[in-house]
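**Student:** Here is what each chain is made of, one letter per residue.
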Amino acid sequence: MSASGATTTLRKTALNAVHRRLGAKMVDFGGWDMPVEYSGLIAEHMAVRTGVGLFDVSHMGDILIMGKQALDAVQYISMNDASKLQVGQAHYSALLYPEGTFVDDVIVHKLGENDYLLVINAGTREKDWNWVRQNVARFNCHAKDVGDYYTQLAIQGPKAVNVVQKLTDVDLSTIKNYWFKHGTVCGIPNTMVARTGYTGEDGFEIYVPSDVPTSERVWNEVMAAGQEFGIIPCGLGARNTLRLESKMALYSHEISEAINVFEAGLDRYAKFTPEKGDFIGRAALEKAQAAGIKRALVGLEMIERGIGRDGYKVFDTAGNEIGYITSGSPAPFLKKNIALAYVPPHFSALDTIVNVDIRGQMVKAKVVPTPFYKRPKKTA
Amino acid sequence: MAYPADFRYTKEHEWIKVEGNTATIGITHHAQDSLGDIVFVDLPKPGTEVAAHKSFGSVESVKAVSELFAPASGTVTEVNSALADSPEQINKDAHGAWMIKITLKDPGEVNSLLSAADYEKYVAEESAK
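As given, the protein sequences belong to chains A and B, one line each in that order. Each residue of the first sequence is one higher than the last, beginning at 1 in this note's numbering. Each residue of the second sequence is one higher than the last, beginning at 381 in this note's numbering.
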């Protein structure tokens with residue numbers, strides 16, 4: 001239980017001192033010293049599902065691709081069709097290896113006609129940056145690593161819109177899901193406000209300058225504005241359980257350099273139309289599609305007592321090993337023990353019974369529909 | 381958090397309270413704090429033999445699993461079955477939410493365990509690392 005380590009080499013966000021003052025438990029996450037929880041993971045998870053929570057996600061990376069052939073470059077290095085994006089719109093996509101497996105997943109934002117912003121994962125920042133830089137070199141465009149320029153805050157939950165609206169002149173009702181606008185936020189002009197997140201809930205991500213005084217001031221203003229809505233700071237622990245309930249992929253778990261797009265079930269974000277044109281991984285993916293997949297990502301719910309966790313092996317009822325769990329945890333909102341697992345496709349039918357090896361004991365689980373949690377449609 | 385002076389403690393963060401031949405066992409306040417929200421406990425059935433320093437079950441928070449190590453050897457006589465339905469009691473009151481009671485094989489065995497003062501010092505050193 002003693003998780004001690006050298007913290008001196010870890011990178012810190014501009015809000016590190018704020019997290020420590022708040023008494024957060026800190027962990028090494030992809031080389032970053034990040035808060036895993038403040039008041040408690042379950043309370044934080046529930047705040048986002050039922051009210052609002054605030055996350056520091058400044059460890060995420062950001063890459064700008066600008067210039068005459070910026071669109072061509074983005075099209076070539078990512079699998080979704082960026083030609084469909086309008087200025088002010090974003091979409092989920094991925095950077096792939098020629099084998100059709102994952103470098104990383106990304107959110108692509110179209111900032112201007114020749115101007116794109118890729119938001120990438122923290123643990124893969126260096127790898128992604130090197131990979132992007134090399135692969136856009138053949139285009140008439142300029143790529144820039146701007147990850148250290150921004151403090152990125154995620155305000156998430158059904159009340160997030162009420163909180164952020166108090167702090168900005170942007171009419172948030174005009175920003176649809178996965179769209180963004182620029183406006184004044186906490187007195188800072190030309191600030192990006194995106195209706196995005198990693199929680200399966202409505203919410204916003206704002207990008208402010210990463211100097212400590214500005215970052216701390218904005219954090220405090222968001223907390224103050226959210227007080228009447230019960231806002232609490234939330235850590236990476238809740239971020240993980242929220243994304244798992246919503247079946248959002250996590251790099252090195254559901255997606256990796258060894259898993260292809262079809263296996264991960266993310267092929268709806270890969271476009272093979274003529275307009276999309278060639279992209280890295282396309283040829284391999286078309287082959288993979290024709291050949292069929294050997295494993296599929298399924299949702300599991302434990303039906304016997306026990307919690308299946310990351311890396312636990314999955315067996316059929318006859319005792320044959322058939323796969324493994326990529327992410328598994330108690331689901332605080334659903335109050336069930338859930339997991340995502342790779343199994344051969346013929347085990348992916350709903351209600352299929354499998355066994356999870358929980359530290360030597362076979363515990364029954366069944367295949368259930370995903371996402372495990374889907375947020376209620378707005379009735380207002 | 382005050383660590384009761386009539387308990388003994390392990391470096392794996394269990395406590396044991398000895399009364400004659402029997403003992404009550406749980407995990408410490410520090411242990412529950414490190415784990416976070418506890419959602420699951422797996423405890424042995426009455427009649428099970430437990431051995432000092434060996435695993436007798438596990439406790440799980442949302443994000444982690446932690447094995448439970450017996451502070452002393454003996455036979456389980458009682459299990460706190462209320463913890464199955466409300467494991468969060470351990471977060472609320474770790475020193476009250478006992479897990480198992482055992483009949484001690486050798487009551488002298490606990491003398492080698494940490495006193496409250498030593499345990500507190502040990503936790504402080506661990507946290508400073």
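To be clear, the hints were calculated from the coordinates, so they are not data collected in a lab. Errors might be hidden in some of the hints.
Each computed DSSO-like pair below joins lysine-lysine, with the alpha-carbon atoms no more than 30 Å apart [as the list claims (entries may be wrong)]:
{"id": "1", "chain 1": "B", "residue 1": "K485", "chain 2": "A", "residue 2": "K25"}
{"id": "2", "chain 1": "B", "residue 1": "K425", "chain 2": "A", "residue 2": "K366"}
{"id": "3", "chain 1": "B", "residue 1": "K391", "chain 2": "A", "residue 2": "K377"}
{"id": "4", "chain 1": "A", "residue 1": "K247", "chain 2": "A", "residue 2": "K127"}
{"id": "5", "chain 1": "A", "residue 1": "K335", "chain 2": "A", "residue 2": "K271"}
{"id": "6", "chain 1": "A", "residue 1": "K335", "chain 2": "B", "residue 2": "K472"}
{"id": "7", "chain 1": "A", "residue 1": "K166", "chain 2": "A", "residue 2": "K377"}
{"id": "8", "chain 1": "A", "residue 1": "K364", "chain 2": "B", "residue 2": "K391"}
{"id": "9", "chain 1": "A", "residue 1": "K364", "chain 2": "B", "residue 2": "K509"}
{"id": "10", "chain 1": "B", "residue 1": "K509", "chain 2": "A", "residue 2": "K12"}
{"id": "11", "chain 1": "B", "residue 1": "K501", "chain 2": "A", "residue 2": "K336"}
{"id": "12", "chain 1": "A", "residue 1": "K313", "chain 2": "B", "residue 2": "K472"}
{"id": "13", "chain 1": "B", "residue 1": "K509", "chain 2": "A", "residue 2": "K25"}
{"id": "14", "chain 1": "B", "residue 1": "K425", "chain 2": "A", "residue 2": "K313"}
{"id": "15", "chain 1": "A", "residue 1": "K25", "chain 2": "B", "residue 2": "K391"}
{"id": "16", "chain 1": "B", "residue 1": "K509", "chain 2": "A", "residue 2": "K336"}
{"id": "17", "chain 1": "A", "residue 1": "K25", "chain 2": "B", "residue 2": "K425"}
{"id": "18", "chain 1": "B", "residue 1": "K425", "chain 2": "A", "residue 2": "K335"}
{"id": "19", "chain 1": "A", "residue 1": "K335", "chain 2": "A", "residue 2": "K181"}
**Student:** Compare the structure with each hint and give your call.
**Tutor:** Here's how the hints hold up against the structure:
Distance check on the hinted pair: B/K485 and A/K25 sit about 39 Å apart at the alpha-carbon level, beyond 30 Å; violated. Between B/K425 and A/K366 the CA atoms are separated by roughly 27 Å; this keeps the pair inside 30 Å, and the hint holds. A threshold of 30 Å between alpha carbons decides the hint, and for B/K391 with A/K377 the separation of about 50 Å lies outside it, so the pair is violated. For the suggested pair A/K247 and A/K127, the alpha carbons sit about 25 Å apart, so the restraint of at most 30 Å is met.
At most 30 Å may separate the alpha-carbon atoms for a hinted pair to count; A/K335 and A/K271 exceed this at roughly 36 Å. Of the supplied pair hints, the one linking A/K335 and B/K472 holds, its CA atoms being roughly 19 Å apart against a limit of 30 Å. Using a Cα cut-off of 30 Å, the hinted pair A/K166 and A/K377 holds, with the two alpha carbons roughly 23 Å apart. For a cut-off of 30 Å, the pair hint linking A/K364 to B/K391 is broken: about 34 Å separates their Cα positions.
Among the hinted pairs, A/K364 with B/K509 is inconsistent with the structure: their alpha-carbon atoms are about 40 Å apart, more than 30 Å. The straight-line distance between the Cα atoms of B/K509 and A/K12 is roughly 19 Å, inside the 30 Å bound, and the hint therefore holds. For a cut-off of 30 Å, the pair hint linking B/K501 to A/K336 is broken: about 38 Å separates their Cα positions. For the hint pairing A/K313 with B/K472, the CA-to-CA distance comes to about 33 Å; that exceeds 30 Å, so the pair is violated.
Taking the CA atoms of B/K509 and A/K25, the gap is near 14 Å; set against the 30 Å cutoff, the hint holds. For the given pair, B/K425 sits about 26 Å from A/K313 by alpha-carbon distance, which is consistent with the 30 Å threshold. Taking the CA atoms of A/K25 and B/K391, the gap is about 21 Å. The hint holds against a cut of 30 Å. A distance of roughly 36 Å separates the Cα atoms of B/K509 and A/K336; the hinted pair therefore is violated under the 30 Å criterion.
Under the criterion of a C-alpha separation no larger than 30 Å, the hint pairing A/K25 with B/K425 is inconsistent with the structure, at around 34 Å. Taking the CA atoms of B/K425 and A/K335, the gap is near 26 Å; set against the 30 Å cutoff, the hint holds. Under the criterion of a C-alpha separation no larger than 30 Å, the hint pairing A/K335 with A/K181 is inconsistent with the structure, at around 36 Å.
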